[in-house]
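Q: Sequence:
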Amino acid sequence: ETSPFNPNRVVNTKEIAEEHHIPLELLAKVLQTLAKYDMVESQNGPKGGYLLAREPREISIAQVLEAIEGPLGIADCYHEKDEHASCEQIEHCNIRTPLLRVQESIFHLLSSMSIEDMMAEPPLIIVESRKTK
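All residue numbers for the sequence shown refer to the numbering used here, where the first residue is 1 and numbers rise by one.
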């Protein structure tokens, strides 16, 4: 990131796309979705763009992912709406309960992490591994 993040600064879509190497069309759709869920606000005009609608500590990673992707789940049989519709093996499944515990742990972690927490993490440096003969 070239400049420190300021949650009160309006940032245009092109600037975000270039800074984070995200296709502009994809980013525009994501931001529209996040605006629909009151996570970002759009500002019109020549200096328009987007800014966070709430404090970064008030927006969980789970909320962001659910807004973009829909209900979070390891498998379709974990969604509350129609629990048994997607799997013919549900009656005999012996991994559903253990995976449900994994899913609950992941959801708890994502719910407990905020955008502010993510901003505090140092960026990962990816080092190319050497292949040995």
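Hints in this document: simulated from the structure, not taken from any laboratory.
These numbers were taken from a predicted model, which means no experiment stands behind them.
Errors might be hidden in some of the hints.
[To be verified] With a Cα cut of at most 25 Å, we get these calculated PhoX-like pairs of lysine-lysine:
hint : residue 1 : residue 2
1    : 47        : 36
2    : 14        : 47
3    : 14        : 36
4    : 29        : 14
5    : 47        : 29
[Stated by the list, open to error] If you anchor each label on the Cβ, the simulated ranges turn out as follows:
hint : residue 1 : residue 2 : range
6    : 29        : 111       : 38 to 44 Å
7    : 123       : 91        : 44 to 50 Å
8    : 117       : 28        : 39 to 45 Å
9    : 94        : 60        : 44 to 50 Å
10   : 103       : 35        : 35 to 41 Å
11   : 130       : 55        : 42 to 48 Å
12   : 35        : 119       : 15 to 21 Å
13   : 35        : 116       : 18 to 24 Å
14   : 113       : 87        : 26 to 32 Å
15   : 102       : 47        : 21 to 27 Å
16   : 93        : 54        : 34 to 40 Å
Note that CB positions come from ideal geometry on N, CA and C, so glycine has one too.
Q: Look at each hint and say if it fits the structure.
A: Status of each hint after checking the structure:
no. : hint                 : result
1   : 47 x 36              : holds, 21 Å
2   : 14 x 47              : holds, 12 Å
3   : 14 x 36              : holds, 20 Å
4   : 29 x 14              : holds, 13 Å
5   : 47 x 29              : holds, 20 Å
6   : 29 x 111: 38 to 44 Å : violated, 24 Å
7   : 123 x 91: 44 to 50 Å : holds, 46 Å
8   : 117 x 28: 39 to 45 Å : violated, 26 Å
9   : 94 x 60: 44 to 50 Å  : violated, 32 Å
10  : 103 x 35: 35 to 41 Å : violated, 28 Å
11  : 130 x 55: 42 to 48 Å : holds, 44 Å
12  : 35 x 119: 15 to 21 Å : holds, 20 Å
13  : 35 x 116: 18 to 24 Å : holds, 20 Å
14  : 113 x 87: 26 to 32 Å : holds, 30 Å
15  : 102 x 47: 21 to 27 Å : violated, 46 Å
16  : 93 x 54: 34 to 40 Å  : holds, 39 Å
Consistency note: the structure conflicts with the earlier hints numbered 6, 8, 9, 10, 15.
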